[in-house]
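As you go down the protein sequences, you meet chains U and L in turn.
Here our numbering is used: the first residue of the first sequence is 3, the next is one more, and so on.
Here our numbering is used: the first residue of the second sequence is 30, the next is one more, and so on.
These aren't lab readings, by the way, just hints derived from the structure by calculation.
Beta carbons are placed, not taken as given, at the ideal position from N, Cα and C, and that holds for glycine.
Any given hint might turn out to be false.
Simulated restraints on C-beta separations [stated by the list, open to error]:
hint, chain 1, residue 1, chain 2, residue 2, range
1, L, A138, U, G508, 20 to 26 Å
2, L, E50, U, A596, 52 to 58 Å
3, L, D76, U, E134, 56 to 62 Å
4, L, E183, U, G273, 32 to 38 Å
5, L, A83, U, R509, 16 to 22 Å
6, L, E183, U, H197, 50 to 56 Å
7, L, D76, U, P385, 24 to 30 Å
For reference, the chains in residue letters:
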Amino acid sequence: MGSLRDVLSPFTAWKHVIETPVTIRNPIGREAADGYRGFHQNDIEKCIGCGSCEVICQNAAIDMVPVSDPVDGDSGLRPKIDYGRCCWCALCVDVCMTGSLTMSNEYTWVDTDPDAFRFIPGVDPKPWDDLEKGYRREGGRVLTGAERVEMGELAPEARIDNFDEIVAGYTREQAMIEADRCVECGLCVATCPAHMDIPDYIAAIREGDYDLGLQILYETNPFSEVCGRVCTHKCETACAARHEGDPIAIRWLKRHIVDNVSEDRRLEIVGTPQTLPTRRKVAIVGAGPAGLTAAYDLARQGHAVTVYEAQDKPGGMMRFGIPEYRLPYAALDRDIAVIAAQGVKIETGVRIGHEITMDRLRAENDAVVLSIGLHIGRSTRIPGTEGGGVETAIDLLRRITAGEEVPVPKQVLVIGGGNVAMDIARSMARLQKVKHGAVGVTVTALEDFAHFLADREEIEESLEEGVEIIDARGPQEVVRFKSGNRKGEVKGLRSWAVTSIFDDKGRFAPQYDQGDERLHPAEMVVEAIGQAADVSILGEDLTEALDWNRGRLAVDVAGRTSEPWLWAAGDAVHGPDVITAVADGHRVAASVGAMLMAMGEVAR
Amino acid sequence: MKTEKLSQMATAEEVIEAVAEFSREAHSFYTDLVPKVTKDIRYLVEDLARAELAHVRMLSDLMKSPDMRDHLKDAIRRPEADRRFSDAVQAPELGDKPDDQQVLQYALAREQVALEEFSELAANTPPGLLHEVFSFLANEETRQKADLEALYYEIVHSGGV
Ligand SMILES: Cc1cc2nc3c(=O)[nH]c(=O)nc-3n(C[C@H](O)[C@H](O)[C@H](O)COP(=O)(O)OP(=O)(O)OC[C@H]3O[C@@H](n4cnc5c(N)ncnc54)[C@H](O)[C@@H]3O)c2cc1C
Ligand code: SF4
Ligand code: SF4
Ligand code: SF4
């Protein structure tokens with residue numbers, strides 16, 4: 003039996019019945035203060051499902067749940083909140099990468115079903131969804147930095163008379179600050195064609211563990227020196243940080259890791275094939291990123307791989323297309339050295355279809371991979387393009403890399419508005435500066451600036467270097483001198499203004515203003531409009547035997563052609579960039595490897 | 030030569046027959062070309078041959094239609110573009126082993142000629158059935174030319190980044 007006090011105390015409470023209460027008896031209907039942190043709202047269109055709110059919540063009150071299919075930059079997940087756990091601290095609102103998550107000032111909710119208090123704001127309709135009052139973070143994100151750390155670059159006057167690398171690379175301090183902005187949401191991974199494990203290698207930078215970072219890079223990409231410099235960085239367009247700020251400099255961070263691991267150490271970390279030789283042979287045609295990635299994977303599976311390359315050095319367009327000021331040859335060589343160390347034989351100066359036929363490759367190997375890229379430069383074929391003084395961009399770029407003599411007149415005109423056009427324009431500008439002390443390059447593009455194909459930074463840097471860019475011009479004729487001692491030489495390009503380039507459905511339908519005709523003076527015209535694959539190497543019989551898909555070799559999802567011994571990868575079938583070629587190389591290697599494995603099983 | 034037959038005026042039937050001949054010639058030209066081009070670009074020539082055949086069929090149906098029959102003898106002013114049009118009927122200046130770009134440029138040039146021909150015919154006929162027919166044909170050519178231009182851009186202005 004308890005004390006007398008225990009028995010009487012319930013009754014003593016009654017004495018308060020006649021007192022005025024300090025809290026109101028029925029709070030329903032009483033509005034909270036304007037900025038009160040009440041129930042959550044989420045603008046479902048704005049939210050990208052990055053899960054930063056889930057990570058920050060100290061009470062584990064948030065679960066990310068699927069509500070739609072994932073697309074680039076949106077996981078399709080949305081936060082589900084458990085009011086049995088939430089303490090309304092609003093950290094989730096403060097960290098939200100898009101500002102989609104807010105709190106209304108509603109704070110009363112009566113329900114007999116305990117499960118009702120776990121809900122997906124913005125998806126499960128609630129009476130407070132449209133309330134204006136409540137708590138929202140003022141200004142931009144503060145918990146995660148919004149601004150990207152600037153990359154050091156050579157100034158235009160310091161770079162215009164040489165091919166030195168423009169980009170300096172991050173210092174350790176810069177990389178740490180940049181890496182710290184990443185919330186490790188992983189939204190970027192799906193957008194990267196090779197699905198590189200971006201959040202984990204960025205986390206390795208934060209930890210200062212570059213060996214681990216390098217190991218993670220090599221899991222998906224043997225070309226991190228290259229991609230750390232020239233990757234088209236589609237991942238950055240999906241980065242959570244681009245909302246209310248700059249995307250994380252994923253490409254520069256990748257480069258920072260390779261900058262911090264010596265070549266010898268890389269070989270130690272990556273190692274060499276750990277399997278017994280299978281005695282299966284694979285021939286790869288073309289030593290670009292697609293062929294070399296496939297070679298790397300297949301060699302590590304224990305197969306004997308020979309890569310045949312027409313040029314004197316391996317690398318494909320990474321060496322013979324991309325100029326040295328964007329990608330130094332030494333950096334490319336470091337990536338290739340790790341691949342060669344896997345036992346891959348690279349036979350340069352051998353053009354398949356000439357020195358060795360496809361038939362012979364087929365007879366001498368268990369599988370053949372075609373990764374020949376796009377090495378025929380397209381021409382507009384407007385009048386005047388035939389004859390001296392007209393070049394294609396990729397041929398000129400190749401000759402510059404090979405150290406061959408190229409014509410460097412004082413005034414050059416480039417036709418084309420893509421990155422290749424910018425590459426040749428900027429290369430010619432450098433050569434002109436050295437030879438003539440001045441830059442005289444004009445780029446004319448069909449597209450207007452709003453539809454330009456080249457990257458914004460390429461355009462900006464070209465302009466900084468003194469390249470003139472004229473948009474919306476349709477080339478009509480390469481005009482040549484008709485008489486005098488320069489008869490037959492190029493005088494310039496005649497063009498018409500393009501009044502519109504695409505129709506309302508976004509299809510190419512150029513409209514010209516013939517009244518607005520101009521002659522752009524130039525001693526040389528360079529065409530940089532497009533490229534094609536040289537499939538003539540296949541020979542007539544194989545070309546006939548193979549299936550084609552609207553001009554390109556038809557391949558299945560694994561990259562296999564209609565001939566069971568032949569695979570194709572890279573620009574020649576997919577494109578358009580190094581990382582897509584790398585992804586293709588992996589895909590093809592997996593398929594070839596599976597076939598070789600099956601052959602091994604049968605042999606046993 | 031068809032150019033010799035030209036006079037200022039012609040009947041609707043003559044004009045449509047000339048147009049059909051233009052497409053028939055093109056169809057047999059493309060059909061002959063199919064085995065000559067390499068397999069990778071054969072689709073292009075096959076597509077063009079199919080489009081021309083569809084044209085021939087459409088024109089033949091048109092001539093047979095009861096509405097049209099009453100107008101076949103209507104006099105029409107020959108278009109200025111007619112000479113170029115008639116020349117193009119039998120002037121395929123395309124080598125024996127053309128590549129995709131040559132085929133496309135050739136096809137585009139033909140579309141342009143046909144487009145001009147129909148536009149002028151439409152302009153030369155007063156409102157009524159014939160005017161509608163030629164306007165329709167001009168629109169068809171405009172659409173086909175737009176398709177070809179889009180394809181040209183896709184094929185020729187492509188590759189790399
Ligand atoms: C000027 C320029 C700039 C570019 N800039 C960028 C950039 O900044 N970022 C980016 O990501 N991508 C860029 N690209 C695109 C990128 O270089 C390509 O997407 C990529 O290199 C394609 O790889 P691949 O292996 O398919 O072909 P390639 O790199 O073209 O390699 C194919 C190789 O096959 C060889 N070959 C061809 N035929 C034969 C044969 N018969 N026998 C033996 N060998 C043969 C070629 O010599 C070549 O070495 C650029 C391309 C160009 C042209
Ligand atoms: S308000 Fe605080 S406790 Fe509630 S879900 Fe957000 S972070 Fe978690
Ligand atoms: S942090 Fe914001 S954007 Fe990201 S999932 Fe949460 S609510 Fe959505
Ligand atoms: S880089 Fe951007 S998208 Fe990728 S994990 Fe970091 S914050 Fe997320």
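So, going through the hints one by one against the coordinates:
{"no.": "1", "hint": "L:A138 x U:G508: 20 to 26 Å", "in the structure": "25 Å, holds"}
{"no.": "2", "hint": "L:E50 x U:A596: 52 to 58 Å", "in the structure": "56 Å, holds"}
{"no.": "3", "hint": "L:D76 x U:E134: 56 to 62 Å", "in the structure": "58 Å, holds"}
{"no.": "4", "hint": "L:E183 x U:G273: 32 to 38 Å", "in the structure": "44 Å, violated"}
{"no.": "5", "hint": "L:A83 x U:R509: 16 to 22 Å", "in the structure": "20 Å, holds"}
{"no.": "6", "hint": "L:E183 x U:H197: 50 to 56 Å", "in the structure": "28 Å, violated"}
{"no.": "7", "hint": "L:D76 x U:P385: 24 to 30 Å", "in the structure": "27 Å, holds"}
Against the hints set out earlier in the document, violations occur for numbers 4, 6.
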